[in-house]
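Engineer: Here is how the chains run, residue by residue.
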Amino acid sequence: MKKRITGCLVTTALAVVVLSFIASLYGGHFICVDTIYQIAVVNIVIHIALFFFEKLECNYSALEIMGELGIVLASVLVGGFLFNWFSSVPVILLGIMGIVIYLFAWLIEAVHLQNDVKQINALLERMSKKGDQL
Amino acid sequence: MILTREQKDGIKELEVIIRYEKENEEMKQVENLLNSWNHSISCEEERVQRKIPVSEIYYIESVDKHSFVYCREKVYSSKQRLYQLSTELAQDGFVRVSKACIVNIQYVKGIKTLVNSRIEAQLLNGESVVVNRKYIPSIKKYLEERSPV
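Chains as they are written, first to last, in my numbering: chain A, 5 to 138; chain B, 409 to 557.
Next up, chain A with everything else stripped away, as it sits in the complex:
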């Protein structure tokens, strides 16, 4: 649960940073507080959807990535429709932002996973050494 809440906060922060960057490119100087709450809501929805998608346990990583990306894009587009984001941001740009945020989150998770795998291998090695001693 803790990991999920952290993940949700991380992606919300990433979304705010990416949105700020895009907005500054278009000459924007502020982000509305409402927008931050809306981004948080969409992120919560995405993480809930991903939680259920994980239960399917796809063995093909490409298919898994496509599925996750599909969930992210669908949620961003539905969020855009509900919160009227399309009046200020074009649909394509919103989609690109979704992909960029997903890629950032995917990279962070990949690094995390790599660390976990290293730790598991170290523990296995320690266990096997201990086993040899026994």
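Quick caveat, the hints were computed from the structure, so don't treat them as lab data. There may be inaccurate statements among the hints.
Claimed, not checked - Distance ranges between label pairs, derived from CB positions:
| id | chain 1 | residue 1 | chain 2 | residue 2 | range |
| --- | --- | --- | --- | --- | --- |
| 1 | A | L117 | B | G418 | 17 to 25 Å |
| 2 | A | I100 | B | H474 | 26 to 34 Å |
| 3 | A | F55 | B | L522 | 36 to 44 Å |
| 4 | B | S546 | A | F34 | 40 to 48 Å |
| 5 | A | F57 | B | V471 | 21 to 29 Å |
| 6 | A | F55 | B | T412 | 49 to 57 Å |
| 7 | B | E434 | A | V82 | 34 to 42 Å |
| 8 | A | V95 | B | G534 | 18 to 26 Å |
Unchecked claim - Here are the simulated DSS-like cross-link-like pairs (lysine-lysine), alpha carbons at most 25 Å apart as the crow flies:
| id | chain 1 | residue 1 | chain 2 | residue 2 |
| --- | --- | --- | --- | --- |
| 9 | A | K6 | B | K487 |
| 10 | B | K487 | B | K459 |
| 11 | A | K122 | B | K459 |
| 12 | B | K420 | B | K459 |
| 13 | B | K548 | A | K6 |
| 14 | B | K459 | A | K7 |
| 15 | A | K122 | B | K520 |
| 16 | B | K507 | A | K133 |
Unchecked claim - One-sided and incomplete, this derived list gives chain B residues near chain A with beta-carbon spacing under 7 Å:
| id | residue |
| --- | --- |
| 17 | R504 |
| 18 | G518 |
| 19 | I519 |
| 20 | T521 |
| 21 | V523 |
| 22 | S525 |
| 23 | R526 |
| 24 | N540 |
| 25 | K542 |
| 26 | K548 |
| 27 | K549 |
| 28 | S555 |
We treat Cβ as the ideally placed atom computed from N, Cα and C, and that holds for glycine.
Assemble the complex: chain A is given as a structure, and chain B must be docked to it using the hints.
Structural biologist: For chain B alone, kept in the frame of chain A given last:
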């Protein structure tokens, strides 16, 4: 650890006594190892029932709701469902690596991430099984709990 062998006439069953001052992780590990040695599950090989010692099982896979028990060289089938075996063998060093597979951790040589972001567990018999990334934290936790200090 001191290993002592004692030969006695008239002993019908092998007896192992673990002598310790205080209960610790090492003692528990030896006990679990001996228990798994003693523990076996019913399997089938060409319609012949066999008892397979848990310590000989490398991994168990479920295909179309049928469980297949993989040993060093042979594969047996089991009538028990994977979730039942998973519960039964949790104390014997078996960890879940995907929805359809549990692995005996003592036969895992290492875990490798592949270029296509797939994760594989390499076993001591040269085989490898796919690990779902969702189970990586629980595998790590399991090993940390049992890791010798």
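Engineer: Does each hint hold? Answer for all of them.
Structural biologist: Hints, verified against the model:
A hinted range of 17 to 25 Å for the beta carbons of L117 of chain A and G418 of chain B is inconsistent with their spacing of about 57 Å. A hinted range of 26 to 34 Å for the beta carbons of I100 of chain A and H474 of chain B is inconsistent with their spacing of about 46 Å. At about 25 Å, the CB distance of F55 of chain A to L522 of chain B disagrees with the hint of 36 to 44 Å. Against the hinted window of 40 to 48 Å, the Cβ-Cβ separation of S546 of chain B and F34 of chain A comes to about 44 Å, which satisfies the hint.
Taken as a hint, the range 21 to 29 Å holds for the pair F57 of chain A and V471 of chain B, whose Cβ atoms sit roughly 23 Å apart. Between F55 of chain A and T412 of chain B the CB atoms are about 53 Å apart, so this pair conforms to the stated range of 49 to 57 Å. The hinted window of 34 to 42 Å between E434 of chain B and V82 of chain A is violated, with their beta carbons roughly 55 Å apart. At about 51 Å, the beta-carbon gap between V95 of chain A and G534 of chain B misses the expected band of 18 to 26 Å.
A C-alpha spacing of about 38 Å is found between K6 of chain A and K487 of chain B, which places the hinted pair above 25 Å, so the restraint is violated. A distance of roughly 13 Å separates the Cα atoms of K487 of chain B and K459 of chain B; the hinted pair therefore holds under the 25 Å criterion. With a C-alpha separation of about 36 Å, the suggested pairing of K122 of chain A with K459 of chain B is violated against the 25 Å cut-off. Restraint check for K420 of chain B and K459 of chain B: the C-alpha separation of about 21 Å stays at or below 25 Å, so the hint holds.
Between the alpha carbons of K548 of chain B and K6 of chain A the distance comes to roughly 17 Å, so the proposed pair stays at or under 25 Å and holds. Simply put, K459 of chain B and K7 of chain A have alpha-carbon atoms about 41 Å apart, too far for the 25 Å limit, and the pair is violated. The hinted pair formed by K122 of chain A and K520 of chain B meets the criterion: a straight-line CA distance of about 9 Å does not exceed 25 Å. Restraint check: the Cα-Cα separation between K507 of chain B and K133 of chain A comes to about 30 Å, which exceeds 25 Å; the hinted pair is violated.
For R504 of chain B, the shortest C-beta to C-beta distance to chain A is roughly 11 Å, which exceeds 7 Å, and the interface hint is violated. For G518 of chain B, the interface hint holds, since its Cβ comes within 7 Å of a Cβ in chain A; the closest pair sits about 5 Å apart. The criterion of a C-beta within 7 Å of any C-beta in chain A is met by I519 of chain B, whose closest approach is roughly 5 Å, and the hint holds. The criterion of a C-beta within 7 Å of any C-beta in chain A is met by T521 of chain B, whose closest approach is roughly 6 Å, and the hint holds.
Interface hint status for V523 of chain B: violated, as the beta-carbon distance to the closest one in chain A is roughly 10 Å, over 7 Å. A hinted interface residue such as S525 of chain B counts as satisfied when its beta carbon comes closer than 7 Å to some beta carbon of chain A; here the least separation is about 5 Å, so the hint holds. Hint status for R526 of chain B relative to chain A: holds, with the closest Cβ pair at about 5 Å, below 7 Å. For N540 of chain B, the suggested interface contact is upheld, since its CB lies about 5 Å from the closest CB of chain A, less than 7 Å.
The beta carbon of K542 of chain B is positioned within 7 Å of a beta carbon in chain A (closest approach about 6 Å), and the interface hint is therefore held. At a threshold of 7 Å, the smallest CB-CB gap from K548 of chain B to chain A is about 5 Å, leaving the interface hint in force. Interface hint at K549 of chain B: violated, since its Cβ lies 10 Å from the closest Cβ of chain A, which is beyond the 7 Å cut-off. Of the supplied interface hints, the one on S555 of chain B holds, with its beta-carbon coming within about 5 Å of a beta-carbon of chain A, less than 7 Å.
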